[in-house]
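Q: Sequence:
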Amino acid sequence: MSRYGPSGRNSKTLGTCSLVHDAEQGARANDGTCHGSCLRTLRANSRRGSSLTFGQMKMLSRLLSLIVVACLWTGCSVASRSLAEWKPIGGPGPWAAPNQRAVLETRDYHVSVMADAQGHDERWRAPDGRTVDAWKACERLVDLLARTGELQRWPETQAHVYKVGALRLGPYRIYLVSVFPDVAILVPHDYGPLTNRSNADLVGWGERALGDRRIMNYIYYGTSVPSTSRAYWISADLGVPLTPVIVTADGGFRVAHSKIELIGQPGGAGLSVVRIR
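Residues 1 to 277 in the numbering used here are what the sequence shown lists, from first letter to last.
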């Protein structure tokens, strides 16, 4: 609270003006008892108080102008983002339900009215309208690996990210095959020596892939994985850490959980993943 009371310096000014008014009324009532010098002193004090208030008002006006600009900046950015049109990219993605595939959608929007900067969002959308941020879905999978200590066992590469440190490269190729709930299949893969090699030389250029800033591995998406005699699965939504899949006699695999069931069936160059439940 201001030392001048709840109203700060303005209350001081109002008090001074009140004294001037009372003194003038008293002077008239008492036939000029109060000397003119007294009134001049009070009026001078009043003018000094008013000048201080005017200075404060200028500062307040500048502050309000900054607040208005900030609100316009934020408000226009939010409006631009909310009005931006979502557009599908690529073909059908991971499973959203049996016989239903999610679609990857993207939108671009203006971040600021003060600069020509654009933002970019990507999400998974199920046929029934459910959506999930595509990059956050990947982030949650890597969070799960970190919580269970698996990520810390992955070797570090020579690539670094600001405020993150060295990127890790797990000995797997990662395939997001379901998003409602999320399920990723991890197929063992040997990337070779990690030193004196570029990122592209190590992991190539990911097509139909997302990722996370803590790992160099791409997170591929779709409903097929390479042929393998050994694989693992994880799910952030279901709280399932790195777990071996059930290998089937035909060279495929099975993922069984009370909320989802997936079968990897041999076909073509790899395994086609089918959602049963």
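Rather than coming from a laboratory, the hints here were simulated on the basis of the structure. All of these numbers come straight from a predicted model, not from anything done at the bench. Built from N, CA and C at the ideal position, the CB exists for glycine as well. Treat each hint with caution, since some may be false.
[Stated by the list, open to error] Pairs of lysine-lysine residues, derived as DSSO-like cross-links and limited to a Cα-Cα distance of at most 27 Å, are as follows: (1) 87 with 58; (2) 136 with 58; (3) 87 with 136.
[Said to hold, decoys possible] Pairwise CB distance ranges (calculated): (4) 195 with 122: 31 to 41 Å; (5) 247 with 107: 48 to 58 Å; (6) 136 with 53: 47 to 57 Å; (7) 117 with 265: 38 to 48 Å; (8) 196 with 100: 19 to 29 Å; (9) 55 with 136: 47 to 57 Å; (10) 244 with 97: 19 to 29 Å; (11) 133 with 196: 31 to 41 Å; (12) 148 with 62: 38 to 48 Å.
Q: Between residue 87 and residue 58, does the CA-CA distance stay at or below 27 Å?
A: Given that 27 Å is the threshold and the Cα spacing comes to 48 Å, the pair is violated.
Q: Is 19 to 29 Å respected by the C-beta to C-beta distance linking residue 196 and residue 100?
A: Violated, at about 46 Å.
Q: Between residue 247 and residue 107, is the Cβ distance one that fits in 48 to 58 Å?
A: Roughly 41 Å apart at Cβ, these two residues miss the hinted range, so it is violated.
Q: Check the following: the C-beta atoms of residue 244 and residue 97 are separated by a distance inside 19 to 29 Å.
A: Holds: the Cβ-Cβ distance is about 25 Å, inside 19 to 29 Å.
Q: Could you grab the alpha-carbon distance between residue 136 and residue 58 and see if it respects the 27 Å cut-off?
A: Given pair residue 136, residue 58 is violated - Cα atoms ~45 Å apart, limit 27 Å.
Q: With respect to the beta-carbon atoms only, verify the hint that residue 117 and residue 265 lie 38 to 48 Å apart.
A: holds, 46 Å
Q: Would you say the C-beta atoms of residue 195 and residue 122 sit inside 31 to 41 Å of each other?
A: Given a distance of about 33 Å, which is inside 31 to 41 Å, the answer is holds.
Q: Quick one: are residue 136 and residue 53 within 47 to 57 Å, going by C-beta?
A: Holds - the Cβ-Cβ distance for residue 136 and residue 53, about 51 Å, lies within 47 to 57 Å.
Q: Can you tell me whether the CB distance of residue 133 to residue 196 sits inside 31 to 41 Å?
A: holds, 36 Å
Q: Take a quick look at whether residue 87 and residue 136 sit within 27 Å of each other, Cα to Cα.
A: holds, 19 Å
Q: Given the hint of 38 to 48 Å, is the C-beta distance from residue 148 to residue 62 inside that range or not?
A: Given range 38 to 48 Å: violated, Cβ gap about 53 Å.
Q: Evaluate the given range 47 to 57 Å for the C-beta pair formed by residue 55 and residue 136.
A: holds, 49 Å
Hints 1, 2, 5, 8 and 12, counting from the list given before, are not met by this structure.
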